[in-house]
Amino acid sequence: MQRTAKIILSKPLSIIGVILIALVILSALFADFITPFPSHRGTVVDFSNFNQPPGWPNIMGTDLVGRDLFTRIIYAYRISLILGIVVLLLAVPLGVTVGLMAGYMGRKVRFVLMRMTEVFLSIPPLVLAMSIMGVLEPTLINGMMAVTVMWWPWYSRLVYNLTLAEKEEGYVLAAEVIGASKLHIMFIEILPNCFPAILTKMTLDLGFVILIASSLSFLGLGVQPPTPDLGSMVAEGARYLPDSWWLTVFPGLAILVAVFGFNLLGDAMREVLGTHQ
Amino acid sequence: MEHVFDLLIRRIWLSLLVLVGVSVLIFLIARVIPGDPARIALGPNATDEQVFKLRGELHLDEPIWKQYGYFARDLVHGDLGTSLYTNRPVVEDIIQFLPATLELVIAAGILMVLIGLPLGIISAKYEGRFLDNLIRVIALLGVSAPSFVWAVILMLLFAFFLPLFPIAGRIDTDYDIVRTTGFLLIDTLLMGNLEAFTNALWHLFLPAFALALSGIGQAARLTRANMTETYRKPYIEMADSYGFPKWRIARKYAFKPSLIPSLTIIGLDFAAMLGNAFLVEAIFAWPGLSRYGVAVILRKDLNAIIGTVLIISAAFLIANLVVDLLIAILNPRIRHGR
Numbered sequence: 001m002q003r004t005a006k007i008i009l010s011k012p013l014s015i016i017g018v019i020l021i022a023l024v025i026l027s028a029l030f031a032d033f034i035t036p037f038p039s040h041r042g043t044v045v046d047f048s049n050f051n052q053p054p055g056w057p058n059i060m061g062t063d064l065v066g067r068d069l070f071t072r073i074i075y076a077y078r079i080s081l082i083l084g085i086v087v088l089l090l091a092v093p094l095g096v097t098v099g100l101m102a103g104y105m106g107r108k109v110r111f112v113l114m115r116m117t118e119v120f121l122s123i124p125p126l127v128l129a130m131s132i133m134g135v136l137e138p139t140l141i142n143g144m145m146a147v148t149v150m151w152w153p154w155y156s157r158l159v160y161n162l163t164l165a166e167k168e169e170g171y172v173l174a175a176e177v178i179g180a181s182k183l184h185i186m187f188i189e190i191l192p193n194c195f196p197a198i199l200t201k202m203t204l205d206l207g208f209v210i211l212i213a214s215s216l217s218f219l220g221l222g223v224q225p226p227t228p229d230l231g232s233m234v235a236e237g238a239r240y241l242p243d244s245w246w247l248t249v250f251p252g253l254a255i256l257v258a259v260f261g262f263n264l265l266g267d268a269m270r271e272v273l274g275t276h277q
Numbered sequence: 278m279e280h281v282f283d284l285l286i287r288r289i290w291l292s293l294l295v296l297v298g299v300s301v302l303i304f305l306i307a308r309v310i311p312g313d314p315a316r317i318a319l320g321p322n323a324t325d326e327q328v329f330k331l332r333g334e335l336h337l338d339e340p341i342w343k344q345y346g347y348f349a350r351d352l353v354h355g356d357l358g359t360s361l362y363t364n365r366p367v368v369e370d371i372i373q374f375l376p377a378t379l380e381l382v383i384a385a386g387i388l389m390v391l392i393g394l395p396l397g398i399i400s401a402k403y404e405g406r407f408l409d410n411l412i413r414v415i416a417l418l419g420v421s422a423p424s425f426v427w428a429v430i431l432m433l434l435f436a437f438f439l440p441l442f443p444i445a446g447r448i449d450t451d452y453d454i455v456r457t458t459g460f461l462l463i464d465t466l467l468m469g470n471l472e473a474f475t476n477a478l479w480h481l482f483l484p485a486f487a488l489a490l491s492g493i494g495q496a497a498r499l500t501r502a503n504m505t506e507t508y509r510k511p512y513i514e515m516a517d518s519y520g521f522p523k524w525r526i527a528r529k530y531a532f533k534p535s536l537i538p539s540l541t542i543i544g545l546d547f548a549a550m551l552g553n554a555f556l557v558e559a560i561f562a563w564p565g566l567s568r569y570g571v572a573v574i575l576r577k578d579l580n581a582i583i584g585t586v587l588i589i590s591a592a593f594l595i596a597n598l599v600v601d602l603l604i605a606i607l608n609p610r611i612r613h614g615r
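Protein sequence lines correspond, in order, to chains A and B.
Take 1 as the starting number for the first sequence in the working numbering and just add one per residue.
Take 278 as the starting number for the second sequence in the working numbering and just add one per residue.
No lab work stands behind these hints: they were computed from the structure.
Don't take each hint at face value.
What the hints assert, rightly or not - With a Cα cut of at most 27 Å, we get these calculated DSSO-like pairs of lysine-lysine:
1) B/Lys402 <-> B/Lys330
2) B/Lys533 <-> B/Lys510
3) B/Lys533 <-> B/Lys523
4) B/Lys402 <-> A/Lys11
5) B/Lys402 <-> B/Lys523
6) A/Lys11 <-> B/Lys510
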């Protein structure tokens with residue numbers, strides 16, 4: 001673990017990734033202290049100061065009702081990160097369990113589970129989440145559920161492929177000979193050997209969950225105002241291009257910075273841990 | 278070639294099976310919504326009688342598997358029901374809006390292959406050097422932002438700041454286009470109107486590029502990864518020691534075997550683009566399936582939602598079939614059935 005961290009931190013690009021992620025996470029955690037106008041994350045209206053270009057004290061300008069854009073972006077990071085973490089906490093155990101079962105149990109289980117996975121994977125990701133949001137009310141919780149439903153099949157496919165390779169290994173055969181239960185073999189023997197690949201994918205995916213969630217709210221199918229959200233901020237500002245460019249450009253760049261950070265780190269992890277997909 | 282044919286038949290069957298699965302899944306999603314679909318569709322002002330009538334039309338009082346039976350029967354006859362939003366058959370709505378979206382997605386797919394693959398090849402050839410690192414960072418940036426962000430940035434830079442491209446729409450309004458296929462690039466050619474064709478192409482470029490950017494990044498990254506792996510193979514070293522020209526080695530010996538895994542991912546990226554087209558269309562006011570799709574979703578227009586998702590999934594399955602077929606043709610091991 002320490003060695004891995006050392007190698008990752010020896011490459012300039014991954015250091016940039018770590019710094020970006022640290023900035024995003026720390027600013028989201030301490031948003032109350034670093035943002036100039038913490039109350040602006042809510043329904044504050046300041047018409048005397050609306051739609052101001054970047055300047056002082058609003059370094060990224062103000063939105064259409066006079067709220068500080070920088071403040072809202074930092075609070076939006078908080079929502080995005082919570083959403084990403086919750087989605088992965090729900091989707092990964094589900095997908096991993098399905099993948100282990102499909103890979104290790106008999107042919108019938110494999111057929112049913114993998115065909116099911118395929119069905120989920122053959123609806124374009126965003127479209128599946130959209131149609132789920134379409135029948136539910138657009139709230140943060142429902143958004144998390146919709147993204148979870150589209151996300152777990154990727155993990156079942158990954159773990160399924162890994163399990164197929166692992167189950168031929170000597171240690172699995174040894175456990176089988178001793179008479180270990182299937183549950184024991186799947187979760188205690190095979191699963192730990194899948195961890196590097198799963199962890200790498202989770203790092204990359206935290207960025208992509210943020211990206212997909214922002215896409216949903218961009219379409220008006222995610223987090224609703226007045227809760228600050230990067231996607232809906234871009235959608236709202238897009239009507240005022242090109243004059244009020246800051247309304248779209250800063251939230252857009254904020255998404256880019258966060259996802260880029262996770263991608264840089266995920267890439268480095270993939271190289272170091274040798275987990276190709 | 279007969280192996281390829283067998284493979285194609287098998288893949289078509291599997292795809293149909295998956296499509297049936299998709300129809301079940303999307304039907305279930307649309308039916309398990311909390312509340313009465315008929316009441317939601319008609320809105321709070323509808324009378325109980327109206328709701329009752331619509332419940333009858335939608336067979337909502339029968340068991341769910343029977344409801345699916347009715348739905349599947351209509352589907353086989355090419356009937357997806359009536360949209361409650363436009364009051365027209367869903368099939369007609371989709372036929373009207375789909376070509377614009379497909380035109381955009383296909384153009385983006387072409388850009389992805391034409392730009393992404395060469396970038397990956399160059400990157401692998403100069404592995405570890407400046408050019409490689411530059412391309413890797415650009416490719417990673419491409420995948421790191423949703424396409425609506427790229428759409429905004431490209432629009433600001435190349436339509437407003439440098440007015441090289443039009444801001445919105447598919448074609449200037451002063452052209453009268455006879456709709457034959459719905460694909461403007463084809464329709465304008467059928468009319469023999471080259472000027473209109475160029476105009477449509479000019480409108481297409483910026484949205485297609487915004488849509489393609491993440492795919493370009495993905496394709497470049499993958500091609501690079503596969504090629505650097507191939508470059509470590511002994512037969513490349515042999516070709517090198519024979520003194521074959523570098524570019525011939527790159528093109529003939531390293532690229533070809535590396536292309537096959539890249540193609541699979543390109544198929545997946547095409548799927549993602551079908552979804553992401555919604556995001557780009559919204560920014561560039563592109564009159565495709567997006568506005569319709571989002572509108573029917575916001576109005577909980579169930580028939581239209583099911584229809585839209587099914588059509589998009591079918592398009593995705595067809596794209597994957599084409600990719601599989603290409604792989605079968607390119608890969609000698611499959612081509613000769615070994």
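Tell me the numbers of any earlier hints that the structure contravenes, in ascending order. 1
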